[in-house]
Amino acid sequence: MDSATTSQPATETKDTTLIYRQSRWTRLTHWLWAFSLFFMLLSGLQIFNARPQLYIGKESGFAYNNTILQIGAENTDNGPRGYTEVFGHRFDTTGVLGWSGPPGQETPRAFPAWATIPSYYDLGTARVVHFFFAWLLSATLLVWLISGLINGHIRRDLAPRIEDLRKLPRDIVDHAKLKFHHTREYNTLQKMAYGGVLFVLLPLMIITGLAMSPSMNSVLPWLNEILGGRQTARTIHFTVMVLLVLFFIIHILMILAAGPINELRSIITGWYRTDPPAKHDQPTERSA
1 MDSATTSQPA TETKDTTLIY RQSRWTRLTH WLWAFSLFFM LLSGLQIFNA
51 RPQLYIGKES GFAYNNTILQ IGAENTDNGP RGYTEVFGHR FDTTGVLGWS
101 GPPGQETPRA FPAWATIPSY YDLGTARVVH FFFAWLLSAT LLVWLISGLI
151 NGHIRRDLAP RIEDLRKLPR DIVDHAKLKF HHTREYNTLQ KMAYGGVLFV
201 LLPLMIITGL AMSPSMNSVL PWLNEILGGR QTARTIHFTV MVLLVLFFII
251 HILMILAAGP INELRSIITG WYRTDPPAKH DQPTERSA
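Quick note on our numbering: the sequence shown kicks off at 1 and runs consecutively.
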(Lines of atoms letter the chains of each structure in order from A and count residues from 1; the text may use other names and numbers.)
(Lines give C-alpha, C1' and ligand atoms only; values in the text may rest on other atoms or scores of the structure.)
Protein backbone atom coordinates (compact mmCIF):
# COMPACT_ATOMS: atom_id res chain seq x y z
CA MET A 1 0.00 0.00 0.00
CA ASP A 2 1.13 3.52 -0.79
CA SER A 3 4.60 2.40 -1.85
CA ALA A 4 6.80 4.34 -4.21
CA THR A 5 6.51 3.32 -7.85
CA THR A 6 7.96 4.23 -11.23
CA SER A 7 5.14 2.70 -13.23
CA GLN A 8 3.48 6.09 -13.74
CA PRO A 9 5.76 8.31 -15.87
CA ALA A 10 5.92 12.06 -15.42
CA THR A 11 4.79 14.13 -18.39
CA GLU A 12 6.80 17.25 -19.18
CA THR A 13 5.65 20.34 -21.04
CA LYS A 14 7.55 23.51 -21.80
CA ASP A 15 6.51 25.22 -18.59
CA THR A 16 5.40 22.49 -16.18
CA THR A 17 5.65 18.82 -15.30
CA LEU A 18 2.65 16.61 -14.63
CA ILE A 19 3.56 14.03 -12.00
CA TYR A 20 1.73 11.19 -10.25
CA ARG A 21 1.74 12.65 -6.76
CA GLN A 22 -1.05 10.93 -4.78
CA SER A 23 -1.37 7.15 -4.67
CA ARG A 24 -4.72 5.37 -4.82
CA TRP A 25 -4.46 4.51 -1.12
CA THR A 26 -3.79 8.14 -0.16
CA ARG A 27 -6.76 9.34 -2.21
CA LEU A 28 -9.05 6.67 -0.77
CA THR A 29 -8.16 7.41 2.85
CA HIS A 30 -8.44 11.17 2.24
CA TRP A 31 -12.05 10.88 1.07
CA LEU A 32 -12.96 8.32 3.73
CA TRP A 33 -11.71 10.71 6.41
CA ALA A 34 -13.47 13.65 4.78
CA PHE A 35 -16.85 11.90 4.62
CA SER A 36 -16.46 10.42 8.09
CA LEU A 37 -15.60 13.76 9.69
CA PHE A 38 -18.47 15.48 7.89
CA PHE A 39 -21.08 13.08 9.27
CA MET A 40 -19.37 12.95 12.67
CA LEU A 41 -19.46 16.75 12.91
CA LEU A 42 -23.14 17.17 12.10
CA SER A 43 -24.28 14.20 14.17
CA GLY A 44 -21.98 15.32 16.99
CA LEU A 45 -23.64 18.74 17.06
CA GLN A 46 -26.99 16.97 17.36
CA ILE A 47 -25.65 14.96 20.31
CA PHE A 48 -24.29 18.17 21.86
CA ASN A 49 -27.77 19.70 21.63
CA ALA A 50 -28.96 17.16 24.21
CA ARG A 51 -26.74 18.89 26.77
CA PRO A 52 -25.35 22.16 25.41
CA GLN A 53 -22.79 22.80 28.15
CA LEU A 54 -19.11 21.98 28.57
CA TYR A 55 -17.37 21.48 31.90
CA ILE A 56 -13.91 20.87 33.32
CA GLY A 57 -13.66 18.13 35.92
CA LYS A 58 -15.12 14.76 36.77
CA GLU A 59 -18.59 15.99 37.77
CA SER A 60 -21.11 18.63 36.76
CA GLY A 61 -24.40 20.05 37.98
CA PHE A 62 -25.98 22.93 39.84
CA ALA A 63 -23.66 22.46 42.81
CA TYR A 64 -20.56 23.00 40.69
CA ASN A 65 -19.08 26.10 39.11
CA ASN A 66 -17.00 24.50 36.37
CA THR A 67 -18.97 25.43 33.24
CA ILE A 68 -16.77 26.90 30.49
CA LEU A 69 -19.29 26.93 27.61
CA GLN A 70 -23.07 27.11 27.55
CA ILE A 71 -25.49 27.68 24.68
CA GLY A 72 -29.15 28.36 25.44
CA ALA A 73 -32.15 30.65 25.19
CA GLU A 74 -33.84 33.03 27.61
CA ASN A 75 -36.93 35.20 27.72
CA THR A 76 -36.27 38.95 27.56
CA ASP A 77 -38.34 42.10 27.18
CA ASN A 78 -37.76 41.74 23.42
CA GLY A 79 -38.88 38.13 23.35
CA PRO A 80 -36.85 34.91 23.38
CA ARG A 81 -33.16 35.40 22.66
CA GLY A 82 -30.37 32.93 22.08
CA TYR A 83 -27.07 33.28 23.87
CA THR A 84 -23.63 31.68 24.02
CA GLU A 85 -21.66 31.98 27.25
CA VAL A 86 -17.89 31.35 27.19
CA PHE A 87 -15.94 31.48 30.47
CA GLY A 88 -18.68 33.62 32.01
CA HIS A 89 -18.89 36.09 29.11
CA ARG A 90 -22.32 36.06 27.45
CA PHE A 91 -22.95 36.90 23.79
CA ASP A 92 -26.24 37.28 21.94
CA THR A 93 -26.32 34.64 19.20
CA THR A 94 -30.02 34.72 18.34
CA GLY A 95 -30.77 33.21 14.94
CA VAL A 96 -27.71 30.97 14.96
CA LEU A 97 -27.01 29.51 18.39
CA GLY A 98 -29.51 29.03 21.20
CA TRP A 99 -32.62 30.26 19.40
CA SER A 100 -33.08 29.60 15.67
CA GLY A 101 -35.44 28.46 12.95
CA PRO A 102 -37.68 29.89 10.21
CA PRO A 103 -39.33 33.21 11.10
CA GLY A 104 -42.22 32.55 13.41
CA GLN A 105 -41.11 28.95 13.97
CA GLU A 106 -37.98 29.49 16.04
CA THR A 107 -37.16 26.92 18.70
CA PRO A 108 -34.64 26.77 21.55
CA ARG A 109 -31.74 24.59 20.39
CA ALA A 110 -27.99 25.02 20.71
CA PHE A 111 -27.06 24.40 17.08
CA PRO A 112 -29.59 25.13 14.32
CA ALA A 113 -31.38 22.45 12.30
CA TRP A 114 -29.29 23.02 9.16
CA ALA A 115 -26.11 22.17 11.10
CA THR A 116 -27.19 18.82 12.53
CA ILE A 117 -27.90 15.25 11.41
CA PRO A 118 -30.78 14.62 11.54
CA SER A 119 -32.16 18.15 11.26
CA TYR A 120 -34.95 17.37 13.74
CA TYR A 121 -34.13 16.34 17.29
CA ASP A 122 -33.37 12.62 17.36
CA LEU A 123 -30.57 11.69 19.74
CA GLY A 124 -30.75 7.95 18.98
CA THR A 125 -30.26 8.38 15.23
CA ALA A 126 -27.49 10.92 15.78
CA ARG A 127 -25.61 8.47 18.01
CA VAL A 128 -25.92 5.65 15.46
CA VAL A 129 -24.57 7.88 12.66
CA HIS A 130 -21.83 9.30 14.86
CA PHE A 131 -20.53 5.96 16.10
CA PHE A 132 -20.65 4.30 12.66
CA PHE A 133 -18.45 6.95 11.08
CA ALA A 134 -16.27 7.16 14.20
CA TRP A 135 -15.38 3.47 13.88
CA LEU A 136 -14.87 3.86 10.11
CA LEU A 137 -12.47 6.76 10.70
CA SER A 138 -10.64 4.91 13.48
CA ALA A 139 -10.17 1.74 11.41
CA THR A 140 -8.99 3.70 8.37
CA LEU A 141 -6.53 5.72 10.46
CA LEU A 142 -5.12 2.58 12.10
CA VAL A 143 -4.58 0.82 8.77
CA TRP A 144 -3.06 3.99 7.30
CA LEU A 145 -0.63 4.36 10.22
CA ILE A 146 0.51 0.73 9.98
CA SER A 147 0.95 0.82 6.20
CA GLY A 148 2.65 4.23 6.36
CA LEU A 149 5.21 2.94 8.83
CA ILE A 150 5.84 -0.24 6.85
CA ASN A 151 6.29 1.35 3.42
CA GLY A 152 8.10 4.47 4.68
CA HIS A 153 5.47 6.97 3.56
CA ILE A 154 5.34 8.67 6.97
CA ARG A 155 9.12 8.92 7.29
CA ARG A 156 9.65 9.90 3.67
CA ASP A 157 6.81 12.34 3.02
CA LEU A 158 5.40 13.64 6.31
CA ALA A 159 8.16 13.69 8.93
CA PRO A 160 9.76 17.19 9.02
CA ARG A 161 13.53 17.17 8.52
CA ILE A 162 16.12 19.67 9.73
CA GLU A 163 16.11 21.41 6.36
CA ASP A 164 12.31 21.69 6.54
CA LEU A 165 12.54 23.50 9.87
CA ARG A 166 15.10 25.88 8.40
CA LYS A 167 12.63 26.67 5.61
CA LEU A 168 9.75 27.32 8.03
CA PRO A 169 10.14 31.15 8.29
CA ARG A 170 10.30 31.44 4.50
CA ASP A 171 7.26 29.16 4.10
CA ILE A 172 5.27 31.32 6.50
CA VAL A 173 6.19 34.48 4.56
CA ASP A 174 5.36 32.84 1.21
CA HIS A 175 1.96 31.65 2.44
CA ALA A 176 1.20 35.09 3.88
CA LYS A 177 1.95 36.54 0.43
CA LEU A 178 -0.10 33.75 -1.23
CA LYS A 179 3.05 32.70 -3.05
CA PHE A 180 2.96 28.93 -3.57
CA HIS A 181 5.56 26.52 -4.92
CA HIS A 182 4.09 23.52 -6.72
CA THR A 183 6.52 20.68 -6.09
CA ARG A 184 6.44 16.93 -5.59
CA GLU A 185 7.22 17.25 -1.86
CA TYR A 186 5.00 18.78 0.80
CA ASN A 187 6.30 22.06 2.19
CA THR A 188 7.08 22.51 5.88
CA LEU A 189 3.72 24.02 6.82
CA GLN A 190 1.89 21.20 5.03
CA LYS A 191 3.92 18.57 6.87
CA MET A 192 3.28 20.23 10.21
CA ALA A 193 -0.44 20.73 9.53
CA TYR A 194 -1.05 17.21 8.20
CA GLY A 195 1.09 15.72 10.95
CA GLY A 196 -0.82 17.64 13.60
CA VAL A 197 -4.14 16.36 12.28
CA LEU A 198 -3.08 12.75 11.66
CA PHE A 199 -0.90 12.19 14.73
CA VAL A 200 -2.43 14.54 17.33
CA LEU A 201 -5.99 15.69 16.64
CA LEU A 202 -7.52 12.53 15.19
CA PRO A 203 -5.98 10.19 17.81
CA LEU A 204 -7.01 12.62 20.56
CA MET A 205 -10.56 12.70 19.22
CA ILE A 206 -10.69 8.90 19.21
CA ILE A 207 -9.24 8.62 22.73
CA THR A 208 -11.63 11.19 24.21
CA GLY A 209 -14.53 9.54 22.41
CA LEU A 210 -13.65 6.22 24.03
CA ALA A 211 -13.32 7.93 27.42
CA MET A 212 -16.88 9.22 27.16
CA SER A 213 -18.32 5.80 26.37
CA PRO A 214 -19.74 4.08 29.49
CA SER A 215 -19.17 0.68 27.85
CA MET A 216 -15.45 1.39 27.63
CA ASN A 217 -15.10 2.27 31.32
CA SER A 218 -14.87 -1.40 32.28
CA VAL A 219 -12.34 -2.08 29.50
CA LEU A 220 -10.19 1.02 29.98
CA PRO A 221 -11.02 2.30 33.49
CA TRP A 222 -7.81 4.34 33.66
CA LEU A 223 -8.59 6.40 30.56
CA ASN A 224 -11.01 8.73 32.31
CA GLU A 225 -8.54 9.33 35.12
CA ILE A 226 -5.77 10.29 32.73
CA LEU A 227 -8.01 12.79 30.94
CA GLY A 228 -9.34 14.32 34.16
CA GLY A 229 -12.84 12.87 34.08
CA ARG A 230 -15.60 12.31 31.54
CA GLN A 231 -16.65 15.96 31.49
CA THR A 232 -13.10 17.08 30.74
CA ALA A 233 -12.85 14.43 28.02
CA ARG A 234 -16.05 15.80 26.49
CA THR A 235 -14.63 19.32 26.54
CA ILE A 236 -11.39 18.16 24.89
CA HIS A 237 -13.44 16.25 22.31
CA PHE A 238 -15.40 19.40 21.47
CA THR A 239 -12.24 21.51 21.31
CA VAL A 240 -10.60 19.06 18.90
CA MET A 241 -13.71 19.29 16.72
CA VAL A 242 -13.38 23.08 16.61
CA LEU A 243 -9.69 22.79 15.66
CA LEU A 244 -10.52 20.32 12.88
CA VAL A 245 -13.15 22.70 11.51
CA LEU A 246 -10.58 25.52 11.53
CA PHE A 247 -8.11 23.24 9.74
CA PHE A 248 -10.74 22.43 7.12
CA ILE A 249 -11.49 26.12 6.49
CA ILE A 250 -7.79 26.97 6.12
CA HIS A 251 -7.27 23.87 3.97
CA ILE A 252 -10.02 24.94 1.56
CA LEU A 253 -8.73 28.52 1.43
CA MET A 254 -5.22 27.27 0.59
CA ILE A 255 -6.62 25.03 -2.16
CA LEU A 256 -8.47 27.98 -3.69
CA ALA A 257 -5.38 30.20 -3.44
CA ALA A 258 -2.91 27.62 -4.77
CA GLY A 259 -5.06 26.57 -7.74
CA PRO A 260 -8.21 24.51 -7.12
CA ILE A 261 -8.16 22.62 -10.42
CA ASN A 262 -4.61 21.37 -9.91
CA GLU A 263 -5.19 20.51 -6.24
CA LEU A 264 -8.47 18.70 -6.86
CA ARG A 265 -7.05 16.79 -9.82
CA SER A 266 -4.25 15.60 -7.56
CA ILE A 267 -6.53 14.23 -4.84
CA ILE A 268 -9.02 12.74 -7.34
CA THR A 269 -6.78 11.32 -10.07
CA GLY A 270 -3.34 11.44 -8.44
CA TRP A 271 -1.82 13.69 -11.12
CA TYR A 272 -0.35 17.04 -10.09
CA ARG A 273 1.12 19.82 -12.20
CA THR A 274 4.38 21.16 -10.74
CA ASP A 275 6.43 24.25 -11.40
CA PRO A 276 8.98 24.04 -14.23
CA PRO A 277 11.88 21.81 -13.15
CA ALA A 278 15.52 22.80 -13.40
CA LYS A 279 17.23 21.50 -16.53
CA HIS A 280 19.40 19.07 -14.56
CA ASP A 281 16.40 17.61 -12.67
CA GLN A 282 14.98 14.31 -13.84
CA PRO A 283 11.41 13.63 -12.66
CA THR A 284 11.09 10.56 -10.49
CA GLU A 285 8.06 9.01 -8.92
CA ARG A 286 7.00 9.37 -5.32
CA SER A 287 3.89 8.38 -3.42
CA ALA A 288 2.03 10.81 -1.18
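Rather than coming from a laboratory, the hints here were simulated on the basis of the structure. None of these values were measured; they are calculated from a predicted model. Accuracy of the hints is not assured; some may be wrong.
As the list claims (entries may be wrong) - With a Cα cut of at most 20 Å, we get these calculated PhoX-like pairs of lysine-lysine:
# : residue 1 : residue 2
1 : Lys177    : Lys167
2 : Lys167    : Lys191
3 : Lys191    : Lys179
4 : Lys167    : Lys179
Unchecked claim - Derived CB-CB ranges, DEER-like:
# : residue 1 : residue 2 : range
5 : Glu74     : Phe247    : 56 to 66 Å
6 : Pro169    : Leu264    : 42 to 52 Å
7 : Tyr120    : Lys179    : 41 to 51 Å
Beta carbons: idealized from backbone N, C-alpha and C, even for Gly.
Could you work out which earlier hints the structure fails to respect and list their numbers in ascending sequence? As far as the earlier hints go, 5, 6 are violated by this structure, in ascending order.
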